[in-house]
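Student: Now for the letters of each chain:
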Amino acid sequence: MSWHVVAKVGEIEPGTSKVVTVRGRELGVFNVKGDYYALANKCPHEGASLCKGRIIGLAESDEPGHYRLTRQGELLRCPWHGWEFDIRTGQSWCDPVRTKVKAYHVKVETGEEVEKLGDKSKGPYIAETFSVSVKDNYILVDV
Amino acid sequence: MDTVTQQRVKARAGIFGHPAIDCDVHPAVPSVKTLMPYFDEYWREQFIARGIDRLNFVMTSQPPNAPITSRPDWRLPAGAKPGSDPAILGKHVLDAFGSSYAICNTIHGSLALHSDDMAAVFARAINDWLAKEWLDRDPRLRASIVIPLENPEFAVEEIERRAGDKRFVSVLMLVMGEQPLGRRTHWPIYKAAEKYGLPIVVHAGSTYRHAPTSIGWPSYFLEDYVNQSGAFESQLLSLVAEGVFSKFPGIKFVFAESGFCWLPAFMWRANKTWRGVRMEVPWVKQYPAEIIRAHVRFTIQPIDAPPEPGDLERIVEQIGSDDVLMFSTDYPHWQFDGTDALPKALTGSLARKVLWDNALATYSRLEVNA
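In order, the protein sequences belong to chains A and B. Read in order, the letters of the first sequence correspond to residues 1 to 143 in this note's numbering. Read in order, the letters of the second sequence correspond to residues 1 to 370 in this note's numbering.
The hints are all genuine.
Label-pair ranges, simulated between beta-carbon atoms:
| hint | chain 1 | residue 1 | chain 2 | residue 2 | range |
| --- | --- | --- | --- | --- | --- |
| 1 | A | V134 | B | K285 | 46 to 52 Å |
| 2 | A | T70 | B | P306 | 44 to 50 Å |
| 3 | A | R71 | B | A211 | 41 to 47 Å |
| 4 | A | G47 | B | T273 | 16 to 22 Å |
| 5 | A | G57 | B | M118 | 48 to 54 Å |
| 6 | B | R269 | A | T70 | 24 to 30 Å |
| 7 | A | G47 | B | I215 | 35 to 41 Å |
| 8 | A | R25 | B | R209 | 56 to 62 Å |
| 9 | A | E26 | B | R184 | 43 to 49 Å |
| 10 | A | Y67 | B | E317 | 33 to 39 Å |
| 11 | B | T185 | A | R25 | 52 to 58 Å |
| 12 | A | G82 | B | Q46 | 52 to 58 Å |
| 13 | A | Y67 | B | W268 | 24 to 30 Å |
Calculated Cβ distances over 12 Å to all of chain A for the following chain B residues:
| hint | residue |
| --- | --- |
| 14 | T34 |
| 15 | R44 |
| 16 | E45 |
| 17 | D95 |
| 18 | W129 |
| 19 | D224 |
| 20 | L237 |
| 21 | D311 |
| 22 | I315 |
Distance condition first, Cα-Cα at most 30 Å in a straight line; then the derived DSSO-like pairs of lysine-lysine:
| hint | chain 1 | residue 1 | chain 2 | residue 2 |
| --- | --- | --- | --- | --- |
| 23 | A | K33 | B | K285 |
| 24 | A | K100 | B | K285 |
| 25 | A | K52 | A | K8 |
| 26 | A | K102 | B | K285 |
| 27 | A | K107 | A | K8 |
| 28 | A | K42 | B | K285 |
| 29 | A | K107 | A | K18 |
| 30 | A | K18 | A | K42 |
| 31 | A | K52 | A | K18 |
| 32 | B | K272 | A | K102 |
To be clear, the hints were calculated from the coordinates, so they are not data collected in a lab. For each residue, glycine too, the CB sits at the ideal point set by N, CA and C.
Work the whole structure out from these sequences, hints included.
Tutor: As structure tokens, this is what we get:
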């Protein structure tokens, strides 16, 4: 595993995602209310591109006829069969133990830190196609 | 179980080597005349004046002379309605199969009446008649409460009226009535049933408010009968989707004469679709199959006769539970297999559960006074 710079902070608006390819793997990087999460862009069910699904909330109910939408923007709905996944963990709502999307660690670092690519105590950081500027902050994914 | 009960159970081990509870037998009301002593003066006069006392009140799907209505060796002398004699029923099913108990489900034409008042009067009379002419005569008999199906308020009144008599162990409804069974209209019935520990028996049959198939009116009895399982599927889905089991977690449903070989495929289909659209019914918090296994039971006769014994074993495996099947003969209807009312594939501990344990767990009032 190694950290990869995948986007500049500000590039992914809250409630949206960006598809990136890191070490041959397609990932979705999500901004949920200012926090970043990364999931494999592949539904564990039949392989649909998850990032093409809608970002939704959680429909809950205490009894028949009572509806409540909670955790707005924290779930992702697969575009093929409608399965709901928790963007924070990759877990399927209906089957959290057996059905999971691979989730990757994400962090935000300053441009200054990212520039110290060769410093093994901090990295290694790999900025594939990025020109890193010390003035900006970056989103990194551990792949 | 105390020693006396154990001895009795042993004595009644019957033809299967284990005592049985027959969850579906059909007493027949011989005629409306039979019920006359159970109506009050107003209704007696009305029924005479209107000639209703001379009507047969037989459900159209079970004409008394149709071969399928009675096994030929179970027909009664002199054209009496099959299943209309308690002593003969006792001999034909309880003695013959060694069943310790049998649950009477009275399918009567008055279930289809449009008049709420008249339907309630009939239900009350039939239940009084059942208690006096059947339950009083044979201590092995139990019964489902007949209710007016289209007026839940009257239905609850009838349930309340019988609740003190523990020989009434369940409530009877038909698989095809006015509205899907999950609809909130019916919830007062379920609330009362849950309160008194009465499972709801949903039996094959239609009041013919709608065509008995979802594609329109069929031409043949073959279609009418085979299509009943389609109605059971629709009702199962209605009960799950409308949230009956979320609202009444203590309730059990018994599907009688529904068949069950269709159940695995139905469960797969319901599970798959629920995963995709469950936000529409957020009170359904488990896979439909899990809910069905927890709350719904199925009587075994008439069985859909898979060709090999192994097929049936696989179906039970696919249903994923030993708890859901319950023994029945469907007396006096003819569809089943002589004395082989228990399919050969059901053996060992599964047979015991089907013959006995599952019914006891479902009909919670069953042994209270036994």
